[in-house]
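Novice: Residue numbers (our numbering): 1 to 209.
A hint or two may mislead.
Stated by the list, open to error - Here are the simulated lysine-lysine pairs, DSBU-like style, with alpha carbons at most 30 Å apart:
(1) K71 <-> K25
(2) K71 <-> K32
(3) K204 <-> K32
Said to hold, decoys possible - Pair ranges (Cβ atoms, derived):
(4) T24 <-> R129: 33 to 41 Å
(5) G72 <-> T99: 42 to 50 Å
(6) A106 <-> T12: 19 to 27 Å
(7) L53 <-> P30: 23 to 31 Å
(8) A152 <-> K71: 34 to 42 Å
For the record, the hints were derived by calculation from the structure and aren't laboratory data. Every residue, glycine too, gets a C-beta built ideally from N, C-alpha and C.
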Amino acid sequence: MRRFSRIFAWTTPLFVAGAVLFFTKAAALPFKVAYPVLLLGVSTLLLRRRELLPFGFAFLFSAAGDAVGAKGLFIPQMAFFALAHAAYVCWFLPRAQRTPRAVSLAVTVPLLVFLFAVIVPEVPVPAERIGVAVYGLVIAAMLCSALQYDGAHAAGFRCAALLFVFSDAVIAWNRFIGPVPARMWVIMTTYYLAQYLFFRFAVKTAIRD
Numbered sequence: 001m002r003r004f005s006r007i008f009a010w011t012t013p014l015f016v017a018g019a020v021l022f023f024t025k026a027a028a029l030p031f032k033v034a035y036p037v038l039l040l041g042v043s044t045l046l047l048r049r050r051e052l053l054p055f056g057f058a059f060l061f062s063a064a065g066d067a068v069g070a071k072g073l074f075i076p077q078m079a080f081f082a083l084a085h086a087a088y089v090c091w092f093l094p095r096a097q098r099t100p101r102a103v104s105l106a107v108t109v110p111l112l113v114f115l116f117a118v119i120v121p122e123v124p125v126p127a128e129r130i131g132v133a134v135y136g137l138v139i140a141a142m143l144c145s146a147l148q149y150d151g152a153h154a155a156g157f158r159c160a161a162l163l164f165v166f167s168d169a170v171i172a173w174n175r176f177i178g179p180v181p182a183r184m185w186v187i188m189t190t191y192y193l194a195q196y197l198f199f200r201f202a203v204k205t206a207i208r209d
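Build the full structure now, drawing on both the sequences and the hints.
Specialist: Set out below in structure tokens:
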């Protein structure tokens with residue numbers, strides 16, 4: 001318990017510092033976009049709890065996606081984030097209700113309609129079009145599994161999942177439909193907040209168990 005408290009205590013301010021560093025234009029560091037979520041991955045693995053491994057891997061895959069995305073490698077970026085969402089699904093799905101909840105359908109179905117009716121047709125490169133479609137299905141699965149989850153801190157996990165999907169939806173809209181005002185702030189604040197909430201509530205759930 002003491003190790004959990006120590007790791008959580010130093011992770012939070014360092015995560016905030018990493019996010020501030022990313023938004024600081026004067027700090028020209030390589031791959032700085034990946035630092036905050038990489039920290040969450042390392043911290044999660046340092047907790048040495050088997051049940052938290054999916055979150056640890058999800059953060060590490062996300063950090064890798066951030067890094068290749070910083071180089072403009074869109075398809076590898078989607079691939080790493082698809083792996084991250086698959087890791088989240090591995091944690092949520094075994095703990096999820098089997099009977100579909102009305103809210104899960106009410107959120108996930110419009111998301112898929114938005115993906116295949118609005119975004120996918122506007123992707124000009126065939127390889128990217130396939131990648132966006134597959135990635136969209138994976139993130140929809142993550143969202144659905146989080147919405148179906150009904151265990152400890154369910155509301156917090158659902159909020160994190162919704163923020164993550166919103167961040168990715170803004171990326172897709174900005175890339176394929178039209179520019180989004182203040183897109184970096186909108187995308188990255190919701191993304192970082194989503195990842196931190198996943199970390200926070202995963203740790204709280206592990207402590208509770």
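Novice: The structure should be examined with respect to each hint, and the outcome stated for every one.
Specialist: Status of each hint after checking the structure:
The suggested pairing of K71 with K25 holds, with an alpha-carbon distance near 17 Å, which does not exceed 30 Å. For the suggested pair K71 and K32, the alpha carbons sit about 12 Å apart, so the restraint of at most 30 Å is met. Note on K204 and K32: the hinted pairing holds, with a Cα-Cα distance of about 27 Å set against a maximum of 30 Å. Distance hint for T24 and R129: a CB-CB separation of about 35 Å, consistent with the stated range 33 to 41 Å.
Between G72 and T99 the C-beta distance comes to about 43 Å, which sits within the given range of 42 to 50 Å. The hinted range of 19 to 27 Å is not satisfied by A106 and T12, whose Cβ atoms lie roughly 33 Å apart. At about 28 Å, the beta-carbon gap between L53 and P30 stays in the expected band of 23 to 31 Å. Between A152 and K71 the Cβ separation comes to about 38 Å, which falls inside the hinted range of 34 to 42 Å.
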